[in-house]
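Enquirer: Kindly produce the complete structure, drawing on both the sequences and the hints.
In order, the protein sequences belong to chains A and B. Using my numbering, the letters of the first sequence map in sequence onto residues 41 to 156. Using my numbering, the letters of the second sequence map in sequence onto residues 5 to 116.
A hint or two may mislead.
[Claimed, not checked] Below 25 Å or equal to it, Euclidean Cα-Cα: the simulated SDA-like pairs (lysine to any residue) are:
{"hint": "1", "chain 1": "A", "residue 1": "K81", "chain 2": "B", "residue 2": "Q87"}
{"hint": "2", "chain 1": "A", "residue 1": "K76", "chain 2": "B", "residue 2": "Y54"}
{"hint": "3", "chain 1": "A", "residue 1": "K84", "chain 2": "B", "residue 2": "S45"}
{"hint": "4", "chain 1": "A", "residue 1": "K81", "chain 2": "B", "residue 2": "Y58"}
{"hint": "5", "chain 1": "A", "residue 1": "K49", "chain 2": "A", "residue 2": "S108"}
{"hint": "6", "chain 1": "A", "residue 1": "K80", "chain 2": "A", "residue 2": "I96"}
{"hint": "7", "chain 1": "A", "residue 1": "K84", "chain 2": "B", "residue 2": "K7"}
[Unchecked claim] Partial list, derived from the structure: chain B residues whose beta carbon lies under 8 Å from chain A:
{"hint": "8", "residue": "F39"}
{"hint": "9", "residue": "G47"}
{"hint": "10", "residue": "E48"}
{"hint": "11", "residue": "M49"}
FYI, nobody ran anything at the bench for these hints, they're computed from the structure. Glycine included, every Cβ here is placed at the ideal spot set by N, Cα and C.
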Amino acid sequence: DTAVSQTPKYLVTQMGNDKSIKCEQNLGHDTMYWYKQDSKKFLKIMFSYNNKELIINETVPNRFSPKSPDKAHLNLHINSLELGDSAVYFCASSQGPSGRLTNEQFFGPGTRLTVL
Amino acid sequence: AQKITQTQPGMFVQEKEAVTLDCTYDTSDPSYGLFWYKQPSSGEMIFLIYQGSYDQQNATEGRYSLNFQKARKSANLVISASQLGDSAMYFCAMRYGDQFYFGTGTSLTVIP
Chain A
41 DTAVSQTPKY
51 LVTQMGNDKS
61 IKCEQNLGHD
71 TMYWYKQDSK
81 KFLKIMFSYN
91 NKELIINETV
101 PNRFSPKSPD
111 KAHLNLHINS
121 LELGDSAVYF
131 CASSQGPSGR
141 LTNEQFFGPG
151 TRLTVL
Chain B
5 AQKITQTQPG
15 MFVQEKEAVT
25 LDCTYDTSDP
35 SYGLFWYKQP
45 SSGEMIFLIY
55 QGSYDQQNAT
65 EGRYSLNFQK
75 ARKSANLVIS
85 ASQLGDSAMY
95 FCAMRYGDQF
105 YFGTGTSLTV
115 IP
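Expert: Right, here's the structure in full:
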């Protein structure tokens, strides 16, 4: 069974479009995350979310919004896509609550977004 | 603010040799966790090893060991007996609460 899954794996779209990336984890984890990895392989945290709190990286444009229908899902919706949004987007999850520092993050396989 | 620094953008190692990938961190909190992840060219992120800030001994996992020097705030990854399959990006990360902070990564190439 896949622990953290993302769909689609590849997404090619035109500038200005709106798109969503879905993420699901079957690990029963409390906290989920979205990361953006650019062409230089820098991993940038975009959001972290548990059922109590959404933490947003202040550098993330408000065109990006996380949507969590339930504890096992955290989808990423992107409005008005721009060329600079092209990257690999990773979903991840970890067990909480705060203080269990031994719990690593489990990553999804990534979604390669290309904006033309 | 929490910060992770990896100063080696790229490293080369001969097959079967050992290699050390550097990682330093900055935090004023006494309670934190340190992690290393591997990202091969296929793109997935693979957890390798963990070290807790209160752990007295260095963590080991097979050919991976973590050289933890708390006073220097360093958590270097040592890979022994390098294999061709070790060629990948390696990321150091620190956990503080529910937040993870990643370094910029080191690209390791194993030479046959």
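Enquirer: Now tell me if each hint is right for this structure.
Expert: Hints, one by one, checked against the model:
A hinted pair counts as satisfied when its Cα atoms are at most 25 Å apart, and A:K81 with B:Q87 qualifies at roughly 22 Å. Distance hint between A:K76 and B:Y54 is fulfilled; the C-alpha atoms sit about 23 Å from each other, no more than 25 Å. Taking the CA atoms of A:K84 and B:S45, the gap is near 19 Å; set against the 25 Å cutoff, the hint holds. Our distance criterion of 25 Å between C-alpha atoms is broken by A:K81 and B:Y58, whose separation comes to about 31 Å.
Taken as a hint, the A:K49 and A:S108 pair is honoured in the structure, with Cα atoms around 19 Å apart against an allowance of 25 Å. The hinted pair formed by A:K80 and A:I96 meets the criterion: a straight-line CA distance of about 22 Å does not exceed 25 Å. Distance hint between A:K84 and B:K7 is fulfilled; the C-alpha atoms sit about 13 Å from each other, no more than 25 Å. A distance limit of 8 Å between C-beta atoms decides the matter here; for B:F39 the minimum to chain A is near 5 Å, and the interface restraint holds.
Interface hint at B:G47: satisfied, since its Cβ lies 5 Å from the closest Cβ of chain A, which is below the 8 Å cut-off. With a cut of 8 Å, the hint placing B:E48 at the interface with chain A holds, because the nearest CB-to-CB distance is about 6 Å. The restraint placing B:M49 at the interface with chain A holds, with a minimum CB-CB distance near 4 Å, inside the 8 Å limit.
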